[in-house]
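Chains V and B are the protein sequences, given in the same order.
According to our numbering, the first sequence holds residues 1 to 350 in order.
According to our numbering, the second sequence holds residues 351 to 700 in order.
Think of the hints as simulated: they come from the structure by calculation, not from any bench.
With a straight-line Cα cutoff of 25 Å, these simulated DSS-like cross-link-like pairs (lysine-lysine) come out:
no., chain 1, residue 1, chain 2, residue 2
1, B, Lys504, V, Lys153
2, B, Lys506, B, Lys379
3, V, Lys154, B, Lys504
4, V, Lys154, B, Lys443
5, B, Lys539, V, Lys139
6, B, Lys423, V, Lys139
7, B, Lys379, V, Lys154
8, B, Lys671, B, Lys514
9, B, Lys503, V, Lys154
10, B, Lys506, B, Lys657
11, V, Lys166, V, Lys305
12, V, Lys153, V, Lys305
13, V, Lys73, B, Lys489
14, B, Lys379, V, Lys153
15, V, Lys164, V, Lys321
16, B, Lys655, B, Lys516
17, V, Lys156, B, Lys379
18, V, Lys29, B, Lys503
19, V, Lys29, B, Lys506
20, B, Lys489, V, Lys214
21, B, Lys489, V, Lys189
22, B, Lys423, B, Lys539
23, B, Lys504, V, Lys29
24, V, Lys139, B, Lys564
25, B, Lys613, B, Lys680
26, V, Lys153, B, Lys503
27, V, Lys73, V, Lys29
28, V, Lys263, V, Lys305
29, B, Lys489, V, Lys139
30, B, Lys504, V, Lys93
31, V, Lys29, V, Lys93
Just a few of them, taken from the derived set where beta-carbon distance is under 10 Å, the chain V residues facing chain B:
no., residue
32, Thr47
33, Ala48
34, Ile101
35, Thr147
36, Arg160
37, Gln252
Listed next, with one range per pair, are the computed distances between beta-carbon atoms:
no., chain 1, residue 1, chain 2, residue 2, range
38, B, Thr601, V, Leu121, 23 to 31 Å
39, V, Gln27, B, Asn628, 45 to 53 Å
40, V, Gln127, B, Gln477, 29 to 37 Å
No experiment lies behind these values; they were computed from the predicted model shown.
Ideal placement from N, C-alpha and C gives every residue a C-beta, glycine not left out.
2 protein chains.
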Amino acid sequence: MLENQARIPISELGEFGLIRHLTENIQLKHENSIKGVGDDAAVIGNTADMVTVVSTDMLTEGVHFDLTYVPLKHLGYKVATVNFSDICAMNAKPKQLLISIAVSSRFPVDAIEELYSGILLACERYQVDLVGGDTTSSKSGLTISATIIGEAKKEKLTYRNGAKEKDLICVTGDLGGAYVGLLLLEREKGVFTTSEGVQPELEGNDYILERQLKPEARIDMPIIFEQIGVLPTSMIDISDGLASELMHICTQSGLGAQLYEEKIPIDPMTYDRARQFNLDPTTCALNGGEDYELLFTINADDFEKIKGNPDITVIGYMTDKNSGVNLISKSNTSHPITAQGWDAMKGSAQ
Amino acid sequence: MLENQARIPISELGEFGLIRHLTENIQLKHENSIKGVGDDAAVIGNTADMVTVVSTDMLTEGVHFDLTYVPLKHLGYKVATVNFSDICAMNAKPKQLLISIAVSSRFPVDAIEELYSGILLACERYQVDLVGGDTTSSKSGLTISATIIGEAKKEKLTYRNGAKEKDLICVTGDLGGAYVGLLLLEREKGVFTTSEGVQPELEGNDYILERQLKPEARIDMPIIFEQIGVLPTSMIDISDGLASELMHICTQSGLGAQLYEEKIPIDPMTYDRARQFNLDPTTCALNGGEDYELLFTINADDFEKIKGNPDITVIGYMTDKNSGVNLISKSNTSHPITAQGWDAMKGSAQ
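Construct the complete structure from the given sequences, taking the supplied hints into account.
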């Protein structure tokens, strides 16, 4: 991919030139983005009844992304949206983004432009201002760090530790697709690198590939919660897999949970392709990660308000701590859930 | 250095375990640090008459630091203070810090603990809360990203673009020491790696070594400005060298500047060691960088308020744009200043 581009080396522009070049056309959208790129710090105006929420993420080449099959524009888009997702998981609205990159000299300016075009596209779609960052060189590879700032009314914030016994456990969208998309990309990369001239077979897999390569953040959910008059008692975004995220909610809330396998929403394409890989689709949903859907709990009294909402599925309920975290399988047997996710699954898949 | 430590591999703790381990003893100091590490985002309370300032920096091994002679605790301290410095340069107070690290498996947990002990020491001394971050693996080396959040009254903020013609140009402290300290470390590294058994000769150079390895941020200056009733018309911190930073103020303010070589404050040790390296001490002050002093401009009417202040030296004044940016040498000749700094100097020194 990189080889096809005109190779203007970064050194021709220099650090300041590159930052200026990448950020010169940015138009700030939010009134409270008082000062963006170009000074020692960005300046953000405060509103008395709102609180600031801030989250940061770091992604490294070869660990979090593989540039053999991830286009840089998609990577930029994903870096932005997965950070927006963290703010949505607080029931808050993402507003300002800072992006830092460390990049080796093998990347021409065009490649960094591609990356930024994806970041800026996500900022445009989600109405977020890119207000700062840093650009520097690295000895090898590409490392990206993103910091996202959002705001919310303090009383609307949703933490991981607020779930209560008998609360309903809900998820948005469907799960497992991003992981099966990753398996597909890894398989075709294997074919491509071992069989000369053979092109990857990716057609007809758009949904799961998009789930992996270009995930969206559930920025709609805080608005939906407001509209239907529901305030989740706890919430987290699904970056490491349903099992791992549920464990966070259980640990921090001091509770157990009971999940129903048959309730876990899985898209038909995810289901089929998982089967083709001889994998249990439920395992992909539980441990796959990177779906960036929201996992949340609500008071059982709020059930009528979410019933029939196509964006929300009830998948279980919170129990006391001593009952543990269990999955009731389709054959009606109970299995303890352990937190897998980053350590186990990602290690083998990436 | 790393070899002397008990090598507990990071994989034994896992990502979540490592974050918990590093952050479990953090006590939040600021009332507006509502939620620190442990959720999808940190939460910071707003005060109606204050604005939020935010800045981010990325540092990579082999480019920004050399672990052959930089102790990890010092590195952590420096990562924190150079970020605090960006907030001080806005005439604001640093309050919340987020740190992300990407680290290869060659680093044992003890090494990361050392790094964090330096970060936390700086946070303690500067009264800053570590409220978030990310810890992940990298294919090679150590990359650190820091995001610092501060606050200020909006009308007290100092930007780079506010200087006016005839304003006095001032600096805090003294310049060039950090660069000469770096040269010394590089020289002794060269001796150490080529001559077996020869130990580095660093004694008697404490001041310039501290300037390089453990710089402090001028967090005192916003308080001093308040006390003496001076609001700088523009301000920037000296990370890339006096010349480069002055060019930023000139470019963004649409002005020129005249500096006086004899006025540039240089510590006697910096002066002596620069001479030993056959370098012009003024060049070290102009282009060396990493001093993390503040460069600012004030209205000439405020001169009486800063006169005799041991922390502040007047080194020149702002001129119209067409006059350019010039240094009047000790022999009273005028030399145009070009922005060197990161591109030129660092490239050859590191």
